[in-house]
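Start from the sequences and build out the full structure, keeping to the hints where you can.
Protein chains: 2
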Amino acid sequence: MDTSDALIPRRRGRPRRDRGPYEDTRNTLVWTGVAILTEKGFSAVGLDEILRAARVPKGSFYHYFDSKDEFGAVLIDAYADYFSRILDQHFLDEAHSPLQRLDNFMEYAKAGMARFEFRRGCLVGNLGQEMGVLPERFRDQIRRVFLDWQARAARCFLAAQEAGEIRREHDCRHLAEFFFTSWEGAVLRAKLERNSAPLETFAKIFLLVLRS
Amino acid sequence: MDTSDALIPRRRGRPRRDRGPYEDTRNTLVWTGVAILTEKGFSAVGLDEILRAARVPKGSFYHYFDSKDEFGAVLIDAYADYFSRILDQHFLDEAHSPLQRLDNFMEYAKAGMARFEFRRGCLVGNLGQEMGVLPERFRDQIRRVFLDWQARAARCFLAAQEAGEIRREHDCRHLAEFFFTSWEGAVLRAKLERNSAPLETFAKIFLLVLRS
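So the sequences go chain by chain: B and A. Heads up: the first sequence runs through residues -10 to 201, numbered per my numbering. Heads up: the second sequence runs through residues -10 to 201, numbered per my numbering.
Everything labelled a hint here was simulated from the structure, so no lab data went into it. Don't take each hint at face value.
Just so you know, same-sequence chains aren't split out, so a pair can sit in one copy or run between any two.
[What the hints assert, rightly or not] Quick list of in silico lysine to aspartate or glutamate cross-link-like pairs, DMTMM-like style, CA-CA up to 25 Å: (1) K57 / E182; (2) K57 / D37; (3) K57 / E38; (4) K47 / E59.
Put into structure tokens, the structure is as follows:
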């Protein structure tokens, strides 16, 4: 569920010259952190590893963030925001039917994982799995992210239902919850298997569910 | 997916007096390790935490295991073995129809998670999620565990298909892969939410899939 975009500070509509070195260093830290956490989760990664990869000295880090925990909370928000844009890009794409949009999203996510040889998964899924050892403040934050993503998916499913692509009997909010819950499992498995087969089996059966 | 059994060295058919202190200490280490890893995963847990909980001195640990990694591999096998018995207990229970057995398994797993207030999940799911930071030797071991569990589920689904509970068109091996992939996502989510709702939504929709 990560793509190379995640490594590049977002500059859309905001030319580089408008931004001081403050925002550049902070952005570098954030997107380097996101990239590393999509692969390794939070607790197994030391700040030093992120700082080395970002080529930012420790002193600078503490200029922007009070602690690793505060940094983690910022990374969750950054990833959630980035990923909700990816969802909108697909789920709101009126060039395709609602179910085709879902399929396109899954294809896009699969290509994103393939680009990093299935080493990177979903930052929010990783941290969700680690909640047993993470600061409690992350729990509500991560739950809210899932609820937000689910609401976006549910709107797409409702549109599909109106278009006759999903049976009337289905509860689109439940389907959306089922989708993200199961999708995180498929992303986990694709990382384990180092290939796209779990995502493909998931997509095939899930689309079958919706249509049946 | 953990239950209180996981904490108790398995004595079935093997009275205590037959076993020396060797096996007791080793078993205590293994089942304490399993309990802690179902909650916290592998990389965030230090040996010291396990030894303290098991009340076993470090010297004894190294009498039984060469390293934390070797210990981890033993824990995966112990959990896999324990859990495959749980699956058989349900999937082979001829007192119920095949789909009812699946439903019973999911109910049992839900009750197991509730007993520990949804703090403990699946050891194999946790370690699968952590693969990015775990010893590579764990990868094949964890994959084989999933394949074994899936084969047991597939046999139950085939029986359901023969009994007319699952549509002929479904490929039971794919369904079994989909089931465990998605189930791990639901367990993760139940841990995050600290309640059974994700398992219930999952079970409801998955049973709908099978029947449709």
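Outcome of the hint check:
For a Cα distance limit of 25 Å, the shortest separation of K57 from E182 across copies, 23 Å, qualifies, whereas the shortest one inside one copy, 30 Å, does not. In this assembly of identical chains, K57 and D37 lie within 25 Å of each other by CA distance both inside one copy and across copies; the values are 11 Å within and 23 Å between. Both within a single protomer and between protomers do K57 and E38 lie at most 25 Å apart by alpha-carbon distance, with minima of 12 Å and 22 Å respectively. In this assembly of identical chains, the alpha carbons of K47 and E59 lie at most 25 Å apart only when taken from the same copy (15 Å versus 35 Å across copies).
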